[in-house]
Each structure stands twice: as C-alpha cells, then as structure tokens.
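A.B. asks: Sequence order for the protein chains is A and B.
Numbering-wise (numbering that gives the first Met the number 0), the first sequence opens with residue 0 and increments by one.
Numbering-wise (numbering that gives the first Met the number 0), the second sequence opens with residue 0 and increments by one.
One or more hints might be untrue.
[As the list claims (entries may be wrong)] Only some residues are given here: those of chain B computed to face chain A with a beta carbon under 7 angstroms: (1) W23; (2) V39; (3) G217; (4) I304; (5) Q306; (6) T310.
[What the hints assert, rightly or not] Under the rule of at most 20 angstroms between Cα atoms (straight-line distance), these lysine to aspartate or glutamate pairs were calculated in the EDC-like manner: (7) K303/B - E488/A; (8) K152/A - E181/A; (9) K154/A - E67/A; (10) K154/A - E188/A; (11) K46/B - E354/A; (12) K303/B - E375/A; (13) K212/B - D400/A; (14) K229/B - D26/A; (15) K410/A - E69/B.
[What the hints assert, rightly or not] If you anchor each label on the Cβ, the simulated ranges turn out as follows: (16) E18/B - V362/A: 32 to 38 angstroms; (17) E66/B - R525/A: 53 to 59 angstroms; (18) V515/A - W61/B: 49 to 55 angstroms; (19) F154/B - G244/A: 55 to 61 angstroms; (20) E87/B - E114/A: 35 to 41 angstroms; (21) T103/A - R79/B: 36 to 42 angstroms; (22) Q167/A - R153/B: 15 to 21 angstroms; (23) P331/A - E66/B: 54 to 60 angstroms.
Hints are computed from structural coordinates only; laboratory data are not their basis.
Don't be surprised by glycine CBs; every beta carbon is placed ideally from N, CA and C.
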Amino acid sequence: MIPPTVAAPPRFTVSRRRLRLLGLTADDGIRWFFGGNALIAVIVLTLITLFLFREGAGFFGQNRSNLEIYRRAGLEYVDFIRAQTDDHTALTRYLSDLRVRWMTWLLEQERHSLEEANARLEDFDRFADRFAGAVDPLRELMSGLADHASGIKAKYQLTQDRRVEQAQLAAAGRTAEAAGIEISAIDFERELEPLRESLPTYRQLSRDLAGELTALLAEAPAPPTPALRQRMDRFAELTREYVAGFPAVEHRLETWDSAQPVPAHRAFTSFLFGRQWLTASSWQDWYGIVPLFVGSLLVAALALLLAVPLGVGAAIYVSQLASSREQRLIKPCIEFISAIPSVVLGFFGIVILGETLRQLSQVSWLSWLPGFPYSERLNILTAGSLLALVAVPTIFTLAEDALNNVPRGFKEASLALGASQLQTVLKIIVPASLSGIVSAVLLGFGRVIGETMIVLLCAGNRIEIPDFTRGVAVVTEPVHTMTGIIAQEMGEVVRDSIHYRALFMVGLVLFLLALVINYAAQKIMRRYRLSTG
Amino acid sequence: MKPEPSTFHSRPDGRRRIERATTWIFRAATYLVLLAGGAVLLTIAVKGSRTLFQSEAPFINWSFLTEAPESLYIFEWEGRTLEMGDREFRAFKERNPAAANVEAESYVYSAGGIFPAIAGTLLLVLGSMTIALAVGVSAAVYLNEYARDGRGIRFIRLAILNLAGVPSIVFGLFGFGLFVIFLGWNVSLLAGWFTLAFMVLPVVITASEEALKAVPLGFREGSLALGATKWQTIRRNVLPYALPGILTSSVLGIARVAGETAPIMFTAAYVVRDQLPWQVERLGDFFFQGVMALPYHIYVVSSKIPQNAHTERVQYGTALVFLLLVATIAGTSILLRQHLRKRHSW
Chain A
0 MIPPTVAAPP RFTVSRRRLR LLGLTADDGI RWFFGGNALI AVIVLTLITL
50 FLFREGAGFF GQNRSNLEIY RRAGLEYVDF IRAQTDDHTA LTRYLSDLRV
100 RWMTWLLEQE RHSLEEANAR LEDFDRFADR FAGAVDPLRE LMSGLADHAS
150 GIKAKYQLTQ DRRVEQAQLA AAGRTAEAAG IEISAIDFER ELEPLRESLP
200 TYRQLSRDLA GELTALLAEA PAPPTPALRQ RMDRFAELTR EYVAGFPAVE
250 HRLETWDSAQ PVPAHRAFTS FLFGRQWLTA SSWQDWYGIV PLFVGSLLVA
300 ALALLLAVPL GVGAAIYVSQ LASSREQRLI KPCIEFISAI PSVVLGFFGI
350 VILGETLRQL SQVSWLSWLP GFPYSERLNI LTAGSLLALV AVPTIFTLAE
400 DALNNVPRGF KEASLALGAS QLQTVLKIIV PASLSGIVSA VLLGFGRVIG
450 ETMIVLLCAG NRIEIPDFTR GVAVVTEPVH TMTGIIAQEM GEVVRDSIHY
500 RALFMVGLVL FLLALVINYA AQKIMRRYRL STG
Chain B
0 MKPEPSTFHS RPDGRRRIER ATTWIFRAAT YLVLLAGGAV LLTIAVKGSR
50 TLFQSEAPFI NWSFLTEAPE SLYIFEWEGR TLEMGDREFR AFKERNPAAA
100 NVEAESYVYS AGGIFPAIAG TLLLVLGSMT IALAVGVSAA VYLNEYARDG
150 RGIRFIRLAI LNLAGVPSIV FGLFGFGLFV IFLGWNVSLL AGWFTLAFMV
200 LPVVITASEE ALKAVPLGFR EGSLALGATK WQTIRRNVLP YALPGILTSS
250 VLGIARVAGE TAPIMFTAAY VVRDQLPWQV ERLGDFFFQG VMALPYHIYV
300 VSSKIPQNAH TERVQYGTAL VFLLLVATIA GTSILLRQHL RKRHSW
C-alpha cells in the first residue's frame with residue numbers, strides 16, 4: 000500500500016495571505032470608503048433638512064407668543080379702529096386721484112391755465128378737505144389708544160427681559176442677585192381698562208363720522224364729463240359701503256376679549272397666509288410669507304415667459320435645423336452664457352438694464368404698452384429679463400438633450416413619407432420629446448426661483464403684494480422675494496430671535512419647493528416618456 | 000413628343016415660404032439669446048477695460064490688481080478737482096496743512112484695488128474644489144464600479160438629483176446653521192469651503208460618473224483577467240483614462256463655485272478685511288478667518304455705494320476681473336484636458 004503523500008500545493012495558487020483588519024480585506028476597506036463617499040449626498044440632504052428645521056422650528060412658538068402679546072396688550076383692538084381709518088385714507092386717495100384726472104381734463108381738453116383750473120376746482124377741494132378732515136377725531140382717539148397699547152407691550156417686554164436676566168443669573172449661581180431683580184406681573188385686565196372705557200367715545204365718534212360722510216356725499220360736486228362722473232359715482236358707492244361697515248367694526252370691538260388664547264394653528268397660518276412681512280417695527284412685527292412668495296413667483300413667471308420660447312426655440316433650431324458648423328458655434332456660446340455669474344448679471348441690471356428699460360418706457364410711441372411709462376428703475380421687469388438669461392441655458396441644454404434622444408427612425412420615417420423638414424420637427428420630433436422639454440422647463444423654473452443675487456439687486460426690494468388690479472402692468476412694480484429677503488436680512492438679525500427663525504422658515508419653504516419641482520420634473524420625464532421599443 | 004407631366008408635384012410655393020419663415024423665427028430666437036449674452040459681456044468688457052488697462056507702459060493697471068480697496072476722496076483744491084485714495088489723501092493733508100479741513104466727498108471702496116478679493120476667491124475655489132473632487136470622484140467610483148442597482152443605490156441617485164436642485168441660498172443657510180453656528184467655526188474659509196463643496200457635489204459626481212462610463216469595459220475586464228484586484232484595476236486602468244473627462248466636467252463646477260455669492264454671504268465672506276489671508280499668526284487661524292471674495296465684493300460695490308462716474312471705475316473693473324478669472328479657470332481646465340487626452344487615447 001502506498002502511503003498517502005501530502006499533495007504539494009499547485010504552484011499557481013496565491014500563497015500570500017490577505018491582510019485583514021476587523022475582518023475586512025484592503026479591497027473591502029476601499030469599497031466601503033467609496034461607498035461612504037457616495038452616501039455623503041444623502042447625508043448632506045438630511046443635514047440640510049435637519050438644520051433648517053432645527054433653526055426654524057422655534058419660529059412657531061415664538062410667533063404664537065408674538066401674536067398673543069399682540070392681543071393681550073390691546074394692539075389688536077387698536078388695529079380694528081386703525082383699519083377703519085386706513086380705509087378712509089384709501090377713499091381720500093381715490094378722491095385725490097379723481098382731482099388729478101379732473102385737473103388734466105381742465106388743462107388739456109379745456110385749455111385752462113393752471114390758476115383758472117385751480118379756481119374751477121375750488122368747490123371740489125373744499126369737499127375733499129371736509130371729507131379728509133371728517134376722520135380726524137376718530138384718528139386722534141386711535142393714536143391715543145395706540146400709545147397706550149404700545150406702553151403695555153413695552154412694559155411686558157421689559158418684564159420678559161428681566162425674567163431672562165434673572166434666569167441667567169440663577170443659572171450662573173448668583174441667586175442673591177437673581178432674587179434682587181424685581182419683576183412685577185402685569186395685570187393686563189387693569190391695564191386695558193382705558194381701552195375698554197373708550198368704547199362709548201368711539202361709538203359716538205364713529206356715528207358722527209358716518210353721519211358726516213353721508214351728509215357730505217349729498218353735496219358732492221358733479222364732475223363735467225361722463226368718465227369723471229362715473230368715478231364720482233363709484234366713489235360715492237365706495238363711501239356708502241365703507242359707512243355700512245361701521246357696525247361690524249363696532250361689534251368686533253364690543254366682543255373683543257383680550258384673554259382669549261391664540262389658537263396654536265394661527266402661528267402657522269399667519270406665516271403661510273400672512274399678507275404682511277413687517278420686521279423691526281415699533282408697533283407689531285408680522286411674518287407672513289405671501290408677499291415674498293408672490294414676488295418670487297411673479298419674477299419667475301416673467302422670466303419663464305421670456306425664456307421658454309427662446310430656450311426651446313433655440314434648442315429646436317440647434318438640434319434640428321442648424322448646419323453642423325452653426326451647431327458647433329452656438330452650443331459653446333450658450334454654455335458660456337450659463338457660466339456668467341449671477342451677481343455680474345445683477346450688476347448689469349443695476350447699472351445698465353434698469354435704466355435702459357426705464358428710458359425705453361418713457362419713449363412716447365411705446366406708451367401704449369401696459370405699465371409704461373414707469374419710474375422705478377428696479378422692478379419685476381428688470382429682474383425677470385435678467386433671470387430669463389439665467390434660465391435659457393438650462394432650458395436649452397436639457398431640451399436639446401431631449402430632442403436629440405428621439406430615435407433616428409422617427410425622423411427618417413417621417414421624411415420618407417414625404418413630410419417636410421419643418422413638419423417632421425414640429426409634428427414628430429417635438430411631440431416625441433415633449434416630456435423632456437416640459438421637465439426642462441420645470442428645472443429652469445427651479446433654477447429661477449432659487450436664484451438670489453439677481454433678484455436681490457434688481458427686483459426693487461419692496462415688501463408688498465403688488466397691485467394685481469393693474470393687470471399686466473404689474474410687472475413694472477418692485478417686489479421682494481424669498482431668496483432676496485434671506486440674503487438681505489440674515490446678516491443683520493439677532494441669533495435665535497423670531498426674525499432669525501422666520502428667515503430659516505422661508506429657507507425651508509424654498510427648499511421644499513425646490514424638492515417638489517425636482518420631483519415633478521423627474522416624474523414627468525419618466526411617466527410620459529414615449530415608448531421607443 | 001411632349002414629356003409626360005411628373006406625378007410628383009413640387010411643393011406649392013406658399014407653403015415653402017411659410018416653412019422658411021418659421022425656420023427664421025427659430026434662428027432669430029437662437030441669435031437673440033446669443034446677442035443678449037454678448038451684450039452683457041461686451042458692456043462689461045468695454046467699460047471694465049478702462050479700469051484694468053491703461054495706455055502707458057505696463058498697459059495693465061497693476062495697482063488695481065495688487066492693492067487693497069480704499070475710500071475715494073474727491074475735493075476742490077486750488078481750483079482743481081482732485082481724486083485721491085485714503086492713504087494718498089492723508090499724505091496730502093500732511094504735506095499741505097491748509098488742506099486739513101477741506102471738504103471732501105467720499106465713497107467707500109472706490110479707490111485702490113481688489114487684491115484681497117481676488118486672493119479670497121482663489122482660496123475659496125481651491126479649497127472647495129479639492130473637497131468636492133475628493134468626495135465626488137470617490138462617490139462616482141462607487142456608483143459606477145462597485146454598486147449594483149438596488150433600492151439603496153437608487154435612493155442615493157435620487158438624493159444626488161435632488162441636491163442639484165437645491166437653491167444656493169439654502170446651501171448658504173445650511174452652512175450658516177451647521178458650520179458657522181453649530182460647529183462654531185464662525186465666518187471662515189473652512190465653513191465656506193464645505194458649503195461650496197456640498198453645493199457643487201452633484202455636478203462633480205454626475206460629471207465623474209459620465210467620464211467613468213466612457214472608459215471601455217474591456218479595460219476593466221482585461222485587467223481583472225490578468226489577476227489584478229478590483230482596486231488595482233480602478234487605479235491603474237480606469238481612473239487615468241477617466242481623468243480628462245472628470246477635469247473637463249468639473250469646469251462647470253468651478254465656474255459655479257467661483258460665481259456663487261449667496262452661499263458665502265454668511266459663511267465665508269467679509270465686506271472688507273485689511274489683512275491678507277496669509278497674514279496670520281498661527282497656521283490654525285488660516286482656516287478660521289473670513290476672506291473677501293470677488294462676487295461678494297461686486298455685490299457690495301453695486302448695492303452699497305451710489306452709481307456715478309467716480310464709483311464706476313471699481314464696479315466695472317471688479318466685474319471684468321471676475322469674469323476674466325472665471326474664464327481663466329475654465330480655460331486652464333480645458334487646456335489640461337487636451338494635454339491629458341493626448342497622453343491617453345484609445
């Protein structure tokens with residue numbers, strides 16, 4: 000029997016043992032390292048969400064106490080009356096607008112001299128003065144109450160500050176000093192007494208005002224032309240509506256209860272649907288995102304209105320109609336436009352485009368255009384035109400990709416059936432790549448709405464909802480935007496203040512909006528892609 | 000014999016005319032875009048060159064490129080209007096004691112140069128691109144070479160896509176919240192680097208992946224068949240060939256990093272800073288200092304000082320230098336790509 004021999008190991012096997020660390024070979028380690036880097040995108044996205052929430056989440060609590068003190072210190076009460084006097088101011092503005100029109104008519108149609116025209120308007124002026132003066136007693140009452148309410152609020156804030164100081168001292172272990180700080184609780188009910196006691200005075204004044212306005216309307220001067228008469232009638236109607244609203248205000252004042260708690264959801268809704276963004280005000284701060292949101296949307300809409308035809312048109316031309324030499328020339332040029340930093344475009348808008356557009360608007364033969372002429376150099380139009388230049392390369396590149404991805408067979412089949420080149424492009428290729436084009440436009444929209452520097456420099460930065468009653472002319476108004484407000488105010492706010500947190504909330508809204516746009520673009524791309532199998 | 004009429008009619012003329020007109024509309028749209036872009040660039044180039052170039056010997060206005068910004072003083076002196084920078088004005092007053100109380104108009108940042116801003120921008124680009132390339136290329140290697148399609152990978156890809164759509168100002172807020180406040184780095188180079196790096200990460204990853212995909216599969220298979228490990232294959236046979244592509248596509252990223260203002264506004268940029276970035280006592284301070292940056296400087300000089308003949312110089316000059324810088328960085332990368340392409344071609 001032959002004893003079993005130990006087989007010599009075959010010469011080609013790897014004899015070196017692999018080094019293992021924690022059970023991993025070097026190759027595994029490398030693999031994990033790369034995998035870890037790939038995960039960073041996910042981590043960053045999570046961190047962004049986390050930190051926006053972390054810094055922004057406190058906003059709702061702070062906003063609620065902001066609204067609470069607004070009610071408890073009686074500011075809300077005063078604002079009811081203020082709204083009434085403000086409406087009256089709007090009516091007087093209507094009157095002065097009417098006077099301007101009347102004046103123009105006198106000067107231009109009737110060829111009166113300025114003095115004559117003024118003399119002709121004497122009656123009207125007397126009427127307007129009396130109308131404007133009628134509200135004075137009520138306004139006086141309101142401003143007295145406003146001072147009082149502000150005082151209560153200031154007092155409350157003082158005690159809050161002291162409380163914070165006390166807590167800080169106690170935390171630092173200086174209990175004796177902490178105990179030494181006097182904090183007097185505010186008895187809101189007692190403090191608000193003067194407000195409540197003013198109610199009968201208010202009733203009297205309000206009734207007087209209603210009576211006077213109605214009486215005044217009866218002796219309103221009659222304008223000479225039908226158009227002006229129509230305005231006067233409209234004015235009378237508005238005034239009657241205004242007076243009819245008085246009992247409602249009175250009712251609101253009567254039933255107002257300072258102790259009624261502000262519901263938690265108000266902190267949320269007053270942010271999301273609030274029509275005022277007012278900060279560092281001596282009266283009351285409001286953090287409503289609507290004016291900013293509307294501003295962002297208007298600027299982006301105008302930009303897309305300009306960029307979509309240009310971007311998609313250029314993409315169709317370059318990918319389908321242009322000669323290959325033209326293609327080689329145009330594509331890098333458009334890509335180069337996309338590399339122009341946005342702050343440079345913004346600078347261009349401030350120094351050149353804004354002024355050029357304004358002067359263009361004052362050219363007389365262009366005055367038929369809505370909104371022309373205008374005087375604000377920086378407005379939606381300026382910002383939107385520049386943003387279009389930002390959006391065009393994005394839309395162009397993606398749309399061109401989509402057009403190029405249409406299978407050759409489509410084009411060949413169409414041409415073989417006798418369709419002309421343009422018919423092929425417009426009826427076969429563009430519909431086939433429509434999903435790609437739509438998602439290109441969406442991504443362009445995302446790019447535009449997230450753009451900061453151009454709108455910060457060129458949109459005019461007026462925090463107000465623009466006057467939509469002007470129709471298309473709304474584009475000549477200045478606005479402020481979500482991105483712009485963050486860039487402008489973030490550097491100046493106190494950390495952890497409500498304003499600071501509100502800016503983070505705006506950032507969160509922007510972030511979510513960007514995610515939604517992205518998601519929609521991808522969804523459209525996948526869902527409606529033509530099957531080319 | 001009369002020739003038989005062709006059964007194929009040529010297209011009616013009217014329709015052809017419409018067709019040609021439509022083509023012209025598309026062409027007009029294309030050239031309008033180019034025209035608009037060209038107008039912007041040309042205006043800045045023409046007006047900025049008055050600052051940047053001069054008609055005398057060195058032809059380039061070096062003091063604008065090498066000095067720090069100063070305030071500009073304009074005053075009447077002995078019947079002439081003089082314009083002087085801050086230091087010059089002070090020296091002038093010492094020489095002429097009578098000028099001590101002269102009334103001068105002053106504009107901030109409108110005299111001197113923009114050197115600290117150039118240096119700051121270069122530092123920001125260098126640091127953030129290093130981080131972004133290191134992370135981005137690694138991520139792309141994993142996604143293209145190692146990963147098998149699965150739920151996890153799809154999730155990562157989705158995250159990358161979404162990250163690309165996040166507005167730059169949100170990155171700024173995020174960098175402010177995480178680096179400046181939470182990690183306590185304050186307004187610093189480091190915070191700016193990371194903020195910008197995360198912002199361009201999607202661009203770099205996508206670009207690198209494209210470049211890796213372009214390397215033929217045979218290169219990998221050949222290497223693996225010869226017994227090389229996965230890592231050896233990637234290092235020797237994939238990355239060198241993908242490098243030109245990676246560099247080219249990161250040009251896009253560089254342009255974006257250099258050009259964005261919003262992310263560095265609250266994370267890295269100072270309105271003005273006297274020291275240059277390398278004038279620090281300890282090495283550690285280098286990373287935790289804020290810097291001036293060109294895009295932010297443009298924002299400051301175009302929004303915080305009035306526009307007139309005196310301030311125009313620095314405004315247009317800065318914009319032109321900035322554009323040239325971006326173009327130079329892009330150009331260098333393109334040259335580099337051509338160089339590398341010559342070495343590795345298949």
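A.B. asks: Against this structure, judge whether each hint is valid.
C.D. replies: Results for each hint:
no. : hint                                : verdict
1   : W23                                 : violated, 10 angstroms
2   : V39                                 : holds, 5 angstroms
3   : G217                                : violated, 21 angstroms
4   : I304                                : violated, 11 angstroms
5   : Q306                                : holds, 6 angstroms
6   : T310                                : violated, 10 angstroms
7   : K303/B - E488/A                     : holds, 14 angstroms
8   : K152/A - E181/A                     : holds, 18 angstroms
9   : K154/A - E67/A                      : holds, 15 angstroms
10  : K154/A - E188/A                     : holds, 14 angstroms
11  : K46/B - E354/A                      : holds, 16 angstroms
12  : K303/B - E375/A                     : holds, 18 angstroms
13  : K212/B - D400/A                     : holds, 18 angstroms
14  : K229/B - D26/A                      : holds, 7 angstroms
15  : K410/A - E69/B                      : violated, 62 angstroms
16  : E18/B - V362/A: 32 to 38 angstroms  : holds, 35 angstroms
17  : E66/B - R525/A: 53 to 59 angstroms  : holds, 55 angstroms
18  : V515/A - W61/B: 49 to 55 angstroms  : holds, 50 angstroms
19  : F154/B - G244/A: 55 to 61 angstroms : holds, 56 angstroms
20  : E87/B - E114/A: 35 to 41 angstroms  : violated, 57 angstroms
21  : T103/A - R79/B: 36 to 42 angstroms  : violated, 49 angstroms
22  : Q167/A - R153/B: 15 to 21 angstroms : violated, 50 angstroms
23  : P331/A - E66/B: 54 to 60 angstroms  : violated, 35 angstroms
Hints 1, 3, 4, 6, 15, 20, 21, 22, 23 from the list above are not met by this structure, while the remaining hints are.
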